[in-house]
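Letter by letter, the chains look like this.
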Amino acid sequence: MAADGNTKPPKKLSLKENYAMLTRGLDWEPTYEKKEDIFQKIDFEGIKIHDWDKWEDPFRLTMDAYWKYQGEKERKLYAIIDAFQQGNGQFNVTDARYVQALKVFLNGIVELEYASHRGFCMLGREFPGAGPRIAAQMQSIDELRHATTQIHAISQYNKYFEGMENFPYQFDRVWYLSIPKSFFEDACTSGPFEFIVAISFAFEYVLTNLAFMPWMSGAAFNGDMSTVSFGFSAQSDEARHMTLGIEVIKFLLEQDPANVALVQKWIDKWFWRGYRLLALLATMMDYILPKRVMSWGEAWTIYYEENGGALFADLARYGIKPPKYADVTIKEKGRVSHEMWSVFYANRNALGFGIWLPSEEEMDWFSEKYPDTFDKYYRPRYEYWRQLEAEGKPFTCKVLPQLCQTCQWPCLYTEADDATEFVHRESDYKGEIFHFCSDGCKDIFDDEPEKFVHAWMPVNQIYQGNCFLPGVDPTAPDFNPMAEALKFMGLKPGVDGGLFKEHLDAKRWEQWTSRPANIHEGAYTDSVRSTETPTPRAKP
Amino acid sequence: MPTKAMTPDYHGDFQDTQDKYHGQQLISVCWEKHTMFGWPMCLPVPPDMPFAGLLQNVLPMIYSDHPDFAKIEWDKVQWSTSAGPFTPDPAKSIKEHGIRHKQQIRFRTPGLDGYNGAG
Numbered sequence: 001m002a003a004d005g006n007t008k009p010p011k012k013l014s015l016k017e018n019y020a021m022l023t024r025g026l027d028w029e030p031t032y033e034k035k036e037d038i039f040q041k042i043d044f045e046g047i048k049i050h051d052w053d054k055w056e057d058p059f060r061l062t063m064d065a066y067w068k069y070q071g072e073k074e075r076k077l078y079a080i081i082d083a084f085q086q087g088n089g090q091f092n093v094t095d096a097r098y099v100q101a102l103k104v105f106l107n108g109i110v111e112l113e114y115a116s117h118r119g120f121c122m123l124g125r126e127f128p129g130a131g132p133r134i135a136a137q138m139q140s141i142d143e144l145r146h147a148t149t150q151i152h153a154i155s156q157y158n159k160y161f162e163g164m165e166n167f168p169y170q171f172d173r174v175w176y177l178s179i180p181k182s183f184f185e186d187a188c189t190s191g192p193f194e195f196i197v198a199i200s201f202a203f204e205y206v207l208t209n210l211a212f213m214p215w216m217s218g219a220a221f222n223g224d225m226s227t228v229s230f231g232f233s234a235q236s237d238e239a240r241h242m243t244l245g246i247e248v249i250k251f252l253l254e255q256d257p258a259n260v261a262l263v264q265k266w267i268d269k270w271f272w273r274g275y276r277l278l279a280l281l282a283t284m285m286d287y288i289l290p291k292r293v294m295s296w297g298e299a300w301t302i303y304y305e306e307n308g309g310a311l312f313a314d315l316a317r318y319g320i321k322p323p324k325y326a327d328v329t330i331k332e333k334g335r336v337s338h339e340m341w342s343v344f345y346a347n348r349n350a351l352g353f354g355i356w357l358p359s360e361e362e363m364d365w366f367s368e369k370y371p372d373t374f375d376k377y378y379r380p381r382y383e384y385w386r387q388l389e390a391e392g393k394p395f396t397c398k399v400l401p402q403l404c405q406t407c408q409w410p411c412l413y414t415e416a417d418d419a420t421e422f423v424h425r426e427s428d429y430k431g432e433i434f435h436f437c438s439d440g441c442k443d444i445f446d447d448e449p450e451k452f453v454h455a456w457m458p459v460n461q462i463y464q465g466n467c468f469l470p471g472v473d474p475t476a477p478d479f480n481p482m483a484e485a486l487k488f489m490g491l492k493p494g495v496d497g498g499l500f501k502e503h504l505d506a507k508r509w510e511q512w513t514s515r516p517a518n519i520h521e522g523a524y525t526d527s528v529r530s531t532e533t534p535t536p537r538a539k540p
Numbered sequence: 001m002p003t004k005a006m007t008p009d010y011h012g013d014f015q016d017t018q019d020k021y022h023g024q025q026l027i028s029v030c031w032e033k034h035t036m037f038g039w040p041m042c043l044p045v046p047p048d049m050p051f052a053g054l055l056q057n058v059l060p061m062i063y064s065d066h067p068d069f070a071k072i073e074w075d076k077v078q079w080s081t082s083a084g085p086f087t088p089d090p091a092k093s094i095k096e097h098g099i100r101h102k103q104q105i106r107f108r109t110p111g112l113d114g115y116n117g118a119g
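Chains as they are written, first to last, in UniProt numbering: chain X, 1 to 540; chain D, 1 to 119.
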């Protein structure tokens with residue numbers, strides 16, 4: 001400050017000016033390299049951008065502020081995680097069954113955060129506009145932070161429970177994890193505009209509320225303060241990502257009318273792919289969480305039909321229609337979780353988490369939540385399977401599934417208008433047959449068969465002999481291909497998957513806590529002295 | 001519309017062509033209405049396996065635990081592929097039936113529509 005007192009202190013910049021200087025102000029026009037040589041991936045998809053400066057960042061967040069906010073969030077999060085670990089918080093959750101949901105999360109979701117980090121890194125390099133480039137860079141760092149903090153939040157559980165110690169290895173090998181893996185690999189190998197419509201809009205904006213709200217409420221309701229803290233820490237990032245998603249769509253649509261058809265095609269594709277991916281959550285919400293928050297059917301009604309309906313009504317002015325096959329998702333909402341849990345149960349020895357049949361009380365809850373489907377199609381099945389379990393011969397599927405060439409789910413779904421008929425859809429491309437789980441997935445393949453013909457489909461790879469550990473001799477007389485494939489995937493039968501009542505997690509939980517491993521079943525072992533859940537110690 | 005790619009004439013390798021299956025071919029098998037089994041089954045078989053091998057070995061291995069299976073009257077079963085209905089000849093091979101690599105064989109057993117409503 002000047003000593004004579006005549007110089008006024010410099011005026012503080014407004015938020016808008018500060019943002020402009022720290023984003024667009026840091027960019028420059030290249031002089032000794034051509035712009036098209038620097039940004040090579042921006043034209044081939046056919047999207048037309050006339051003025052990158054029309055990009056508006058609603059948060060006006062600059063990197064310096066970003067580091068400050070994120071640093072504060074990290075300090076809070078790790079203080080809670082430390083307290084959780086020191087207080088043995090892993091035993092304060094409802095039961096050991098809840099922990100099976102964490103395994104699905106760790107093995108299926110964490111790696112997607114990392115894949116998303118990679119995708120946004122590419123956008124942070126490829127977009128010619130400084131505004132969206134910086135937004136993509138921040139999201140890239142966010143996604144890496146989410147992967148890291150999720151791993152840290154769950155690591156305490158890994159010290160006490162099976163099935164979590166090998167997640168990066170398993171993500172590349174386990175048959176059902178090819179579903180999330182292929183989803184992001186499809187996105188990351190698309191052009192930058194398809195990636196951002198896929199992930200920022202179709203996934204983050206339209207669908208992630210469905211993952212985040214019920215999932216974090218479920219964690220809170222079941223006493224998992226570690227996951228809840230991660231959720232709170234990630235939530236403000238998610239709000240920013242969702243806003244990026246809607247900004248992207250509006251920017252693309254406003255730049256050129258010719259963009260509308262391409263954007264619509266990507267919305268249709270990625271809504272369907274995202275829906276199929278999130279269907280895994282249907283089983284978490286309906287079957288795995290011991291204390292339930294809401295049913296998948298209710299969540300789909302609120303988060304897609306109502307919120308999504310309002311969103312697409314708003315986008316109608318640009319000529320955007322609701323996603324193709326949205327009507328099928330609504331028809332399927334009373335069925336997906338039951339169809340998927342059935343295949344999990346029948347194939348429980350090839351899974352990385354324990355499986356059980358729903359109790360009487362849970363089936364009554366299903367009857368109430370799914371009045372049109374549960375008693376008609378699924379209750380009789382579970383009752384029959386319970387009887388077989390009692391007879392000591394639990395129902396088991398013996399052969400691997402026909403997979404969908406696009407989403408890589410087994411073709412387990414039934415016709416939208418008839419829950420008793422499997423969906424059969426196939427395409428004949430250059431003399432080879434390809435199967436699909438749905439019209440949505442068939443359309444995606446038919447649009448880009450050149451890409452999907454080289455999908456790495458686990459079942460097909462097992463049969464080609466590519467899924468065995470080194471040194472295994474397929475010509476040996478005692479060679480068992482299924483057992484060897486499970487070893488390759490890092491799945492230990494009887495330790496990772498199988499019937500939950502025989503699972504190590506269940507036995508140890510009852511031994512360590514004297515509480516039932518599955519609150520809906522009563523005690524599995526003699527370790528539990530009283531099978532009644534203790535009444536809460538609180539004033540009446 | 002073909003894939004828009006940075007490389008001209010982009011085309012991924014076919015990952016599942018028949019030559020990769022060591023002399024076998026993949027088939028899918030689906031017992032219609034029997035949703036308890038969860039999915040159409042995929043398995044490798046020798047192309048010159050007679051259809052009788054499918055009837056006597058493969059199908060019982062997959063489906064014999066189901067209470068409906070023992071009640072099937074095999075001469076009344078309705079067989080089809082995506083190309084339409086066909087009548088199998090137990091003496092003829094899979095290949096002679098025109099069943100290609102990765103083709104799905106469906107069979108329907110009218111009157112046997114799942115055990116007690118359980119699929």
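These are computed hints drawn from the structure, not numbers from a lab. Don't take every hint at face value.
[To be verified] Calculated pairs, EDC-like style, for lysine to aspartate or glutamate (alpha carbon to alpha carbon, straight line, at most 16 angstroms): (1) D:LYS4 with X:ASP473; (2) X:LYS321 with X:GLU298; (3) D:LYS4 with X:ASP447; (4) X:LYS16 with X:ASP82; (5) X:LYS376 with D:ASP113; (6) D:LYS4 with X:GLU45; (7) X:LYS451 with D:ASP9; (8) X:LYS451 with D:ASP68; (9) D:LYS20 with X:GLU450; (10) D:LYS4 with X:ASP43; (11) D:LYS4 with X:GLU432.
Owing to the predicted nature of the structure, the values given are computational and were not obtained by experimental measurement.
Structure-based check of each hint:
With a CA separation close to 42 angstroms, the supplied pair LYS4 (chain D) and ASP473 (chain X) exceeds the 16 angstroms bound. Between the alpha carbons of LYS321 (chain X) and GLU298 (chain X) the distance comes to roughly 23 angstroms, so the proposed pair goes past 16 angstroms and is violated. As the CA atoms of LYS4 (chain D) and ASP447 (chain X) are separated by approximately 10 angstroms, the hinted pair is consistent with the 16 angstroms bound. Pair hint LYS16 (chain X) plus ASP82 (chain X) does not hold up; C-alpha atoms about 39 angstroms apart against a cutoff of 16 angstroms.
At most 16 angstroms may separate the alpha-carbon atoms for a hinted pair to count; LYS376 (chain X) and ASP113 (chain D) meet this at roughly 14 angstroms. With a C-alpha separation of about 6 angstroms, the suggested pair LYS4 (chain D) and GLU45 (chain X) falls inside the 16 angstroms cut-off, and the hint holds. For the suggested pair LYS451 (chain X) and ASP9 (chain D), the alpha carbons sit about 11 angstroms apart, so the restraint of at most 16 angstroms is met. Between LYS451 (chain X) and ASP68 (chain D), the direct Cα distance comes to roughly 41 angstroms. Violation of the 16 angstroms bound is thereby established for this hinted pair.
Simply put, LYS20 (chain D) and GLU450 (chain X) have alpha-carbon atoms about 19 angstroms apart, too far for the 16 angstroms limit, and the pair is violated. Our distance criterion of 16 angstroms between C-alpha atoms is met by LYS4 (chain D) and ASP43 (chain X), whose separation comes to about 10 angstroms. Proximity of LYS4 (chain D) to GLU432 (chain X) is assessed by CA-CA distance (about 22 angstroms); at most 16 angstroms being required, the pair is judged violated.
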